[in-house]
Structure formats: structure tokens, C-alpha cells
Amino acid sequence: MSSEAPLKAVFFDRDGVLNADHGYVHDPARLEWIPGAREAVAALTRAGVRCIVVTNQSGVARGYFPETAVHALHAFMREELARTGGEIAAFYHAPFHKDAVIEAYRHDDHPDRKPNPGMILRGLAEHGLSPETCVLVGDNDSDVEAARRAGVEGFLFEGGDLLNFLERKLGRRFPAAPGDPA
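In numbering that gives the first Met the number 0, the protein residues as written are 0 to 181.
Just to be clear, a hint being listed does not mean it is correct.
[What the hints assert, rightly or not] The calculated label-pair distances, taken between Cβ atoms and stated as ranges, are: (1) Ala103 to Arg171: 24 to 30 Å; (2) Glu102 to Arg82: 36 to 42 Å; (3) Ala175 to Glu102: 48 to 54 Å; (4) Asp20 to Val100: 36 to 42 Å; (5) Arg82 to His126: 32 to 38 Å; (6) Gly170 to Asp26: 16 to 22 Å; (7) Asp98 to Ala46: 38 to 44 Å; (8) Arg147 to Gly47: 22 to 28 Å; (9) Ala71 to Ala103: 18 to 24 Å; (10) Gly150 to His70: 24 to 30 Å; (11) Gly158 to Arg29: 37 to 43 Å; (12) Ala4 to Leu30: 32 to 38 Å; (13) His106 to Glu79: 27 to 33 Å.
It should be emphasised that the hints constitute simulated quantities derived from the structure, not laboratory data.
Please read all numbers here as calculations on a predicted model, not as lab measurements.
All residues carry an ideal CB built from backbone N, CA and C; glycine is no exception.
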């Protein structure tokens, strides 16, 4: 991200960044938030920064769960985040995989499946964002590569508290929620 450009949006990978990656997470009962994830989304929302999720979901292609389960989990996440003042502006998911058992999702190199930048490019276009005003946080090299291909700075999150990670990477502190101790 350019030091002159204000931060307008943070693109997040989902599994391993916002929630613990237990393998093909699709059931709200199995959702376990990463420490600081809800607080990070809430702090960014309060600061006027859009939060956008871009996630590969090959479990759909592999027949482990239907695409409707992805939508239901994302709706549940939105509700949970709203309780802390956080908002996800958009969820983009890529249910495609080259080894899909469901023909409709079989694709050797879908433009949306990271490391391809399709979901990020769509998010930029649909939200009127410039790449230099955005960052992406992912837990895999493919996330960071997708960001690079979209012209967005990518940060590799290797665990810990997501809010602290973002504050370190962005070189700024976010205001506490009203009523939180300073």
C-alpha cells in the first residue's frame, strides 16, 4: 500500500485468518474465530475501512458440502461480527477445483481461485477501490500471490492476534470500541 494513499479496504482470506482452519469449515457450530479477528473487523469498520473476504472453497467442488452452506456460514459470520460493530462489505468465494467431483465446479485454473486474482479484482471493481488503497491478509503464499497479481499489497498472517498483526503491519493503532478500556 502506498504511504500516501489512505487505507480504504482490507481483503481477508477466511480460513486461517478470520477463523481457525479445521479443514473445510462450513458449519456455523464449528466456527472458531481467530483471536483478535472480530476486534480487527470492528476496528476497521469504525475507522471507515471496508472489510472484504476472498476465500477458496474447494470443499464445494469436492462434494463435501453444498454451496448454500458457504452462504449460510457467511451470513452467520456477518451476524456475529455485527454484535461487535464489525461489518464485512462482501464475501467472495471460489468453489472451483481442478479435481472437482462435481462437474459444474471442475476447472483447471479458474480466474477466481487463488493464486489467481479474480475475486480481488471483482472486489476492487464492485467497490470502486484502487489497489494502492488496499491490502490483503492471507495465511498462504497463494493469497499473497493473488494480491500481487491484483496490484494489492499482501501480508502473510502466521497466527496470533489478528488485530495486533494488522496494527503492526499497517503501522497504526485503531481506536478502541466505545466503552472499552483504553
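Against the structure, the hints:
| no. | hint | in the structure |
| --- | --- | --- |
| 1 | Ala103 to Arg171: 24 to 30 Å | violated (43 Å) |
| 2 | Glu102 to Arg82: 36 to 42 Å | holds (40 Å) |
| 3 | Ala175 to Glu102: 48 to 54 Å | holds (50 Å) |
| 4 | Asp20 to Val100: 36 to 42 Å | violated (21 Å) |
| 5 | Arg82 to His126: 32 to 38 Å | violated (24 Å) |
| 6 | Gly170 to Asp26: 16 to 22 Å | violated (37 Å) |
| 7 | Asp98 to Ala46: 38 to 44 Å | holds (41 Å) |
| 8 | Arg147 to Gly47: 22 to 28 Å | holds (26 Å) |
| 9 | Ala71 to Ala103: 18 to 24 Å | holds (19 Å) |
| 10 | Gly150 to His70: 24 to 30 Å | holds (29 Å) |
| 11 | Gly158 to Arg29: 37 to 43 Å | violated (19 Å) |
| 12 | Ala4 to Leu30: 32 to 38 Å | holds (33 Å) |
| 13 | His106 to Glu79: 27 to 33 Å | holds (31 Å) |
The structure shown violates the earlier hints numbered 1, 4, 5, 6 and 11.
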